[in-house]
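Protein chains in written order, with our numbering: chain A, -17 to 315; chain B, -17 to 315; chain C, 2 to 223; chain D, 2 to 223.
Since the hints were derived computationally from the structure, they do not count as laboratory data. Check before you lean on any hint, since a few could be wrong.
Each computed BS3-like pair below joins lysine-lysine, with the alpha-carbon atoms no more than 30 Å apart [what the hints assert, rightly or not]:
#	chain 1	residue 1	chain 2	residue 2
1	A	-16	B	-16
2	B	154	D	131
3	D	56	B	74
4	B	-11	A	49
5	C	68	C	56
6	D	184	B	210
7	B	210	A	-11
8	B	74	A	-16
9	A	10	C	68
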Amino acid sequence: MKKLINKPEDVVREELEGLAWAHPDLVKVHFDPNYVYRADAPVNGKVAIVSGGGSGHEPMHGGFVGKGMLDAACPGAVFTSPTPDQMYEATKAVHAGAGVLYIVKNYSGDIMNFEMAADLARADGIPIESVVIDDDVAVEGSLYTQGRRGVGTTVLAEKICGAAAEQGYNLKRLTDLCKRVNDNGRSMGMALTPCTVPHVGRPTFELGEDEMEIGIGIHGEPGRQRTKLRPADEIVELLMEPILADLPFKAGDRVLLFVNSMGGTPLIELYILYRKAYSILEGRGIQVVRNLIGPYITSLEMAGTSITLLRMDDELIHLWDAPVLTPALRWGI
Amino acid sequence: MKKLINKPEDVVREELEGLAWAHPDLVKVHFDPNYVYRADAPVNGKVAIVSGGGSGHEPMHGGFVGKGMLDAACPGAVFTSPTPDQMYEATKAVHAGAGVLYIVKNYSGDIMNFEMAADLARADGIPIESVVIDDDVAVEGSLYTQGRRGVGTTVLAEKICGAAAEQGYNLKRLTDLCKRVNDNGRSMGMALTPCTVPHVGRPTFELGEDEMEIGIGIHGEPGRQRTKLRPADEIVELLMEPILADLPFKAGDRVLLFVNSMGGTPLIELYILYRKAYSILEGRGIQVVRNLIGPYITSLEMAGTSITLLRMDDELIHLWDAPVLTPALRWGI
Amino acid sequence: MEKAGVETMSVHRDEVLAWIRAVAAAIEQNRDYLIQLDAAIGDADHGANMDRGFKAVLARLGSVADKDIGTILKTIGMTLVSTVGGAGGPLYGTFFMQAGMATAGKLELTPADWVSALEAGLQGVINRGKAQPGDKTMVDALMPALQALKEALGHGACFAEALTRSAEAAERGMRGTIPLVAKKGRASYLGERSVGHQDPGATSSFLMLKAAAEIWANARPG
Amino acid sequence: MEKAGVETMSVHRDEVLAWIRAVAAAIEQNRDYLIQLDAAIGDADHGANMDRGFKAVLARLGSVADKDIGTILKTIGMTLVSTVGGAGGPLYGTFFMQAGMATAGKLELTPADWVSALEAGLQGVINRGKAQPGDKTMVDALMPALQALKEALGHGACFAEALTRSAEAAERGMRGTIPLVAKKGRASYLGERSVGHQDPGATSSFLMLKAAAEIWANARPG
Ligand SMILES: Nc1ncnc2c1ncn2[C@@H]1O[C@H](COP(=O)(O)OP(=O)(O)O)[C@@H](O)[C@H]1O
Ligand SMILES: Nc1ncnc2c1ncn2[C@@H]1O[C@H](COP(=O)(O)OP(=O)(O)O)[C@@H](O)[C@H]1O
Ligand SMILES: [Mg+2]
Ligand SMILES: [Mg+2]
Ligand SMILES: [Mg+2]
Ligand SMILES: [Mg+2]
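For reference, chain A alone in the conformation it holds in the complex (with noise of 0.2 Å):
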């Protein structure tokens, strides 16, 4: 295992403890239980996001978290939901009186952290309402199973009811707002090498060299199918046929398009691959309003990228553009 760090099991404290060190004007860290929040929470008179999940995916969640975007996010350890206490604690350190938003990814672990969270903040009065993101078309969905994972457009729905919540939006209308977020968004991701979790010491799957692993999620777990390398313009392909289907996306539509690095992938080939989305959605007369073009929703150094598609109106776009001041995420200020 090849990573600069120091003991396995001292890889999330010592990371956030970097983030607090690095951004105290943006961020405060809570240790035991953990979690990142507001340098100046609670914010009076604003409804507070929430968000939280395993530790490798940075920067989400905490480095989404200040002004316009999150109020606290919960790290759990790598690829591991955090735990309730942390969402309790946080609930309670950024709450302001007008109720508290969850949102959350939609993997069994963090549905039931965050259930057990609410259940307690519940029982403190605290106003809790939660949006569960499901955004990924690799997974078939269906009223049996678990549903689709929550990943790229769990960034944009921060940035998004991050910027409401600044313009005052009540509990309601941010939890509608998400959850019209999530409804609009879809994404997919591939995997050209593995990556290996600090406690783990060896990759979560073997990959031979002239082999991709397509539709995977962001804890290193295998995809859908597994196929032979292929030109990038024919990855983007792969990756944006089933997201345009899925919605669907229609000629006519305003989209933000997110390609995202998996956390080894370097500038150079997201803007390759920037390109080849790009073209694909001119030539079906769909718009590209805004993008976001960056390794923000990770899998640790994993080799990769993902593709999200949000579909925008104006009331999206103007919150899209709202400013925003994370130690991730930032503009207008």
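For this one, chain A is given, so just place chains B, C and D with the ligands on it according to the hints.
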């Protein structure tokens, strides 16, 4: 070779097309000769800043073109200095009557190509000044050798000088400022893995599972020495020691701490490195007044890091904080 | 005479504590095995999560060693909830909390007490996780284990005997998850690709019941 | 009689064009070898850069095939400057541009013309790159090649003969870079670690002079 690319010979062109399509509001890209330039160039009355170098270091330099940073960037083939005609044409495209500053990294190829371009531009009556960045303490420079490589300080110099140019510094003052940034910046890097130049198809060097290269540059070249892999904290000490001793940085100094990913190292590890670097500085009474953490000057998909320390003063801090709006760096706007 | 046996057979609080220590040891021993199973169809953390959780339980155990079994089991559940994380945390946490409520105030467990503890725990897991038998989860080990326990006792088997049947059923249930397509948990994202792999949660559940059968074996008559 | 020989021996424009084509072919053949050499102590692009440059030269050659040798060489130099990049681009570009100025207007090259072409080219490389002999650069192949050429001609060797000596000297110079510590170019960043590797630029320079010796061998007297 596992990369998300199409044909190796198309990598640079396709990446530039992606960049142009992603940020039409910020940059334009001219092909043949290739250069990226500000969408609003030439910016009247302002000294123009042109940089460039081989591709494979994204976001440097193309991602730094925009308001408050570079007026143009000239990307060569991967790891290959651009050619004089690129800089010459870029210079003519962005020159706004106040002269042009070339920010050049200290590689014989870069220097000679920029020199030839400067000769051509001067022949057209365009005032040109060049500042060569040579901040890599891993290289023991001497009068008789090439001297030190230009690495991390380049990014900081481009941001700071870009802000100064916006604020009306004339060519002479801007040149002196850029030299001052170079004089006060020191860097050192290391690699956990090599990288693969697309047209080569195999790694530029081999590293065992338990080995690392200390003192690498940004062109996939081997470093000064190969040693056993160590814990992150020890690696940070290996990099910080020569950096601190070289200037030297002293108690009471105010610094910008830049922890950079070579491309394949994810943010979670950068924060672990930042944590240690910060505590070393704290222990020496050196105050970290600003920081930059992320992949800004990379070596394709190489896993590894470089640390840059820049000694700050009020003027540099003011210029660092000034608004910047580029594809890769943005704040205040 | 067996009937008589049954009456006399029960496990004391100290044996319950011994069982928990045995579970912690079994989890530690099988940490990498559980990680491996989870790596194949999940995210390679089940072993690490459970091990972290039961180490925390061991640390907490002393403080409740003199309390009733219900309090002990509830404390274990709360500890697991706040230290395991993932799906395993809330599920096993709920399992032990419910089992604890079912055994409130008791200083020893009769076979019937153990049945209701297991019943309450399993029901808690099902309420929390909404998994059905056959979804390729821990439920596929716990449910047959409970059924086998009841059956054995119903047929007059002694406690130890019944615990062994229960553990065997859990093992069969665990192996039975191999051919299944996962419908709950991370493995469900793999669809057909989850087939051919044994479920990690079902495996950790089997380890717990196996530990009970072994540790409480001395509850065998004569 | 050799002297007389010398007078008659000269290469025509078409032979110069043939030489350039031979150089382009040699570079293409040795592309990966040059990349390998550059990977060891540089950045693995010399072969690709030179190959890209000389392919551009071949494309451009037709348009100047009817011009004088000076114009042809200058065009080659300008093409290399704008297509090779790296250190090789300005250096070889300058080399050919300077060689072109030294042979302006000529339709054929006498041995003396070739000497001054090489001399001008080498001087251009030195002015541009500031390398000294022994710095582990192309200068270490070019300089001895020029000296050997002059000596051989001075001792009355025929042109072909002298070209062979010149190529041999270039080869020795090239091999001589192996034990050197690089003082210029990327390799210099490696310090002591650059020892034991042959310099890629010296190698490409040798290939050019070897091509000249082979292609112009027919300039040997009847
Ligand atoms: N909804 C559910 N109901 C019951 N058991 C579940 C459910 N989801 C997951 N599990 C169990 O949890 C196990 C995985 O636990 P663990 O790896 O600790 O959590 P995670 O899947 O979040 O990483 C699975 O093997 C399965 O037995
Ligand atoms: N200052 C210099 N003077 C003469 N030759 C040089 C100088 N710097 C580099 N070279 C030559 O250039 C060669 C490398 O060329 P190339 O790989 O194309 O450029 P780069 O080093 O920029 O990648 C070296 O092998 C060396 O022979
Ligand atoms: Mg997990
Ligand atoms: Mg080069
Ligand atoms: Mg798991
Ligand atoms: Mg080179």
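Status of the hints after comparison with the structure:
Proximity of residue -16 (chain A) to residue -16 (chain B) is assessed by CA-CA distance (about 18 Å); at most 30 Å being required, the pair is judged to hold. About 27 Å separates the Cα atoms of residue 154 (chain B) and residue 131 (chain D), which keeps this hinted pair within 30 Å; it holds. Proposed proximity of residue 56 (chain D) and residue 74 (chain B) is supported: the alpha carbons are some 28 Å apart, at most 30 Å. About 42 Å separates the Cα atoms of residue -11 (chain B) and residue 49 (chain A), which puts this hinted pair outside 30 Å; it is violated.
The straight-line distance between the Cα atoms of residue 68 (chain C) and residue 56 (chain C) is roughly 20 Å, inside the 30 Å bound, and the hint therefore holds. For the hint linking residue 184 (chain D) to residue 210 (chain B), the alpha-carbon distance of about 28 Å falls within 30 Å, and the restraint holds. For the hint linking residue 210 (chain B) to residue -11 (chain A), the alpha-carbon distance of about 16 Å falls within 30 Å, and the restraint holds. With a C-alpha separation of about 46 Å, the suggested pair residue 74 (chain B) and residue -16 (chain A) falls outside the 30 Å cut-off, and the hint is violated.
Taking the CA atoms of residue 10 (chain A) and residue 68 (chain C), the gap is near 39 Å; set against the 30 Å cutoff, the hint is violated.
In this structure, the earlier hints numbered 4, 8 and 9 are contradicted, and the remaining ones agree with it.
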